[in-house]
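Peer 1: If you read the sequences in order, they're chains A and G. Numbering of the first sequence is given in the numbering used here, commencing with residue 2 and proceeding in unit increments. Numbering of the second sequence is given in the numbering used here, commencing with residue 19 and proceeding in unit increments.
Simulated from the structure, these hints should not be mistaken for laboratory data. Since this is a predicted model, take the numbers as computed values, not measurements. Hints may be right or wrong, so weigh each one.
What the hints assert, rightly or not - Pairwise CB distance ranges (calculated):
hint: 1; chain 1: G; residue 1: K76; chain 2: A; residue 2: P40; range: 31 to 39 Å
hint: 2; chain 1: A; residue 1: S71; chain 2: G; residue 2: N131; range: 29 to 37 Å
hint: 3; chain 1: A; residue 1: S87; chain 2: G; residue 2: A72; range: 38 to 46 Å
hint: 4; chain 1: G; residue 1: I78; chain 2: A; residue 2: G39; range: 36 to 44 Å
hint: 5; chain 1: A; residue 1: K14; chain 2: G; residue 2: T35; range: 26 to 34 Å
Unchecked claim - Some chain G residues flagged as far from chain A (calculated, every beta-carbon gap over 12 Å):
hint: 6; residue: V37
hint: 7; residue: L38
hint: 8; residue: E106
hint: 9; residue: G125
Here a beta-carbon is modelled for each residue, glycine too, at the ideal position from N, C-alpha and C.
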Amino acid sequence: AAGVIQSPRHLIKEKRETATLKCYPIPRHDTVYWYQQGPGQDPQFLISFYEKMQSDKGSIPDRFSAQQFSDYHSELNMSSLELGDSALYFCASSKGQGTYEQYFGPGTRLTVT
Amino acid sequence: AQSVTQLDSHVSVSEGTPVLLRCNYSSSYSPSLFWYVQHPNKGLQLLLKYTSAATLVKGINGFEAEFKKSETSFHLTKPSAHMSDAAEYFCVVGNAGNNRKLIWGLGTSLAVNP
């Protein structure tokens with residue numbers, strides 16, 4: 002069965018650079034969630050989209066933005082990167098907004114040097 | 019408001035012995051509860067879920083969890099640990115709102131000794 006695809010899997014950036022993370026949800030899933038997981042921490046919810054509209058916002062810094070496109074894939078744009086942004090970024094997808102059935106991608110490991 | 023507490027940050031067992039990872043939750047509603055596993059440098063995988071059906075939930079890889087409303091617990095168990103079970107385990111409660119946000123515990127690191 003098709004799973005959530007994230008690209009790239011690994012990304013190394015320098016401070017103050019920008020990064021774009023991509024997420025391709027499971028086919029026919031219309032909701033995408035972004036999480037940030039720091040070393041040794043639980044995943045922190047950043048933001049979610051349902052039918053291409055932002056549905057909820059968590060602890061996403063103002064330097065970050067995200068959107069969901071017409072094909073339901075989503076991109077997380079990160080600017081003015083800081084060392085503290087180094088983390089594993091997960092994308093999850095679900096069918097419908099009112100469901101807990103979130104399927105997670107493998108994550109993108111971002112390292113900021 | 020919902021919350022979840024994993025009572026042990028680290029658990030160490032010997033291969034072949036039982037595993038118990040403890041989780042307590044707080045919820046004003048009938049909760050939806052999940053256990054996720056994360057192997058080193060890997061993504062999050064759903065082990066099992068409770069969504070108000072049978073209180074004893076069977077998951078993948080021989081894991082089970084029992085929903086006990088009177089104790090507000092959802093402990094994860096496995097009769098016999100395998101080396102491949104060494105991973106981080108997260109107990110998660112579903113936020114009973116329209117956005118169905120997942121609320122994560124801080125995780126329990128399971129070590130399995132030969």
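Peer 1: So, for every hint listed, does it hold in this structure?
Peer 2: Cross-check of the supplied hints:
1. In this structure, K76(G) and P40(A) meet the distance hint of 31 to 39 Å, their C-beta atoms being roughly 32 Å apart.
2. Judged by the Cβ atoms, the range 29 to 37 Å given for S71(A) and N131(G) is violated: they are separated by roughly 51 Å.
3. For S87(A) and A72(G), the hinted distance range of 38 to 46 Å is satisfied, since their beta carbons lie about 42 Å from each other.
4. For I78(G) paired with G39(A), a C-beta distance near 27 Å fails the hint of 36 to 44 Å.
5. Look at K14(A) against T35(G): about 44 Å separates their beta carbons, and that is not inside 26 to 34 Å.
6. At the 12 Å boundary, the C-beta of V37(G) stays outside the reach of chain A, the nearest C-beta of that chain being 20 Å off.
7. No Cβ of chain A approaches the Cβ of L38(G) within 12 Å, the least distance being about 20 Å, so the stated non-interface status holds.
8. Interface exclusion of E106(G) from chain A breaks down, the closest Cβ pair being 9 Å apart, not more than 12 Å.
9. Listed as a non-interface residue, G125(G) fails to keep its Cβ farther than 12 Å from every Cβ of chain A; the least gap is roughly 5 Å.
Figure legend: structure checked against the earlier numbered hints; hints not met, in rising order: 2, 4, 5, 8 and 9.
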